[in-house]
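Visitor: Residues per chain, in single letters:
2 protein chains.
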Amino acid sequence: MAFVKLKPGALLSPVPPVLVTCAGENIRPNGLAVGWAGTVNTIPPMCSVSIRPGRYSHDIIRDSGEFVINLCGKDMMQALDYCGVRSGRDEDKLKKCGLTCVEAEGMQYAPAVAESPLYLACKVESMTPLGSHDLFIGRVVSMGVREDLWDESGRIALDRADLLAYSHGTYYELGKALGFFGFSVARKDVYQKRMKELRGTNRK
Amino acid sequence: MAFVKLKPGALLSPVPPVLVTCAGENIRPNGLAVGWAGTVNTIPPMCSVSIRPGRYSHDIIRDSGEFVINLCGKDMMQALDYCGVRSGRDEDKLKKCGLTCVEAEGMQYAPAVAESPLYLACKVESMTPLGSHDLFIGRVVSMGVREDLWDESGRIALDRADLLAYSHGTYYELGKALGFFGFSVARKDVYQKRMKELRGTNRK
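Top line first, the protein sequences correspond to chains A and B. 1 is the number of the first residue of the first sequence in this note's numbering; add one for each residue after it. 1001 is the number of the first residue of the second sequence in this note's numbering; add one for each residue after it.
Please note that the accuracy of each hint is not assured.
Taking lysine-lysine pairs in the DSS-like style, the calculated list, with each CA pair at most 27 Å apart, reads [unchecked claim]:
1) A/188 with B/1074
2) B/1193 with B/1176
3) A/196 with B/1188
4) A/5 with B/1095
5) B/1074 with A/5
6) B/1074 with A/193
7) B/1123 with A/74
8) B/1123 with A/5
9) A/123 with B/1176
It is worth saying that the hints were derived from the structure and are not from the lab. If you're wondering where the values come from, they're calculated on a predicted model, not measured in any experiment.
Work the whole structure out from these sequences, hints included.
Guide: Right under this line is the structure:
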């Protein structure tokens, strides 16, 4: 199959649509929808978020040196979208959307959102202007999983979080679990055991 | 709902599981599975990929200054996983997986993979060591969409690409389209029209 050559664009896909929260000294908590987010390092854990300099949250994050990435499940889609198109300059978006701010361990100002399945609290390591966006790299200093998604066996049950994915302007639900990392070279008995477990997580 | 506090980890989710291809002067094309990828800028379009310094592709990308991000559909899952657990030092993984290298516009060495729904050909702008991984930022200099996904009306039909998502060690298919960017503030007639179109893209 051949390719049709197109004007270059930012079409990496799917990306994680996340709610980034921040606050400051005498600045109320705000939430911003971010699609340009990624994991950039494993040890120590680091994530990046890219934010336009004109966005209200940009200077709050730069000045406070903190942000929290809140993963988003299906039931947060309306709030997430709203926080992507409206500005914290004009209103208290988190309140408007009925989201609940709670303390995120290790953060001086930035809250987590209680409705999120999992939060990653980050301290800003660097900010790099790239053009339309500034790239913030954050070191994950604490992480919290919503208690209904914490399995006592020590497993984070993200498969029950109904996480959203974002692709080319559209929000999607995650569909069926299809395989596990390393399945292509797994021993047959391991493969069968793991795939049975994975299929058990498919609720539809 | 309260949070259970856990040791910080790299749990941003879902992330795009992509096949990154590279090559060099007298170095055959190689493919590497990358989960730590993200969009970092819109204008000009830029993406990041984080790669461990010990990986075979790392030095090829650093020295050639090029890489291609190939998005992955369901039918590439086996190949993608294999390219994540085996090394190009030991074998020609792309050949072994039956993937076809084709020219990616603007690249001197790095190919695209013909089976991919869409490729983003990148020139390295910077490489930043972060710890376990080095962060490569690439400017997207060309983009190609597989011709069966190019709609003559000028739409990239990524919804027909059966893209994979990756979350916490598991490959997922994208499920139902649930909403479009801005839906939460759309006028009622616009909302209804767009949602009808979106539902039409849900094949299951």
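Visitor: Now tell me if each hint is right for this structure.
Guide: Right, here's what the structure says about each hint:
no., hint, result
1, A/188 with B/1074, "holds (21 Å)"
2, B/1193 with B/1176, "holds (17 Å)"
3, A/196 with B/1188, "violated (44 Å)"
4, A/5 with B/1095, "holds (24 Å)"
5, B/1074 with A/5, "holds (23 Å)"
6, B/1074 with A/193, "holds (21 Å)"
7, B/1123 with A/74, "violated (36 Å)"
8, B/1123 with A/5, "holds (17 Å)"
9, A/123 with B/1176, "violated (35 Å)"
When each numbered hint is compared with the structure, violations occur for hints 3, 7, 9.
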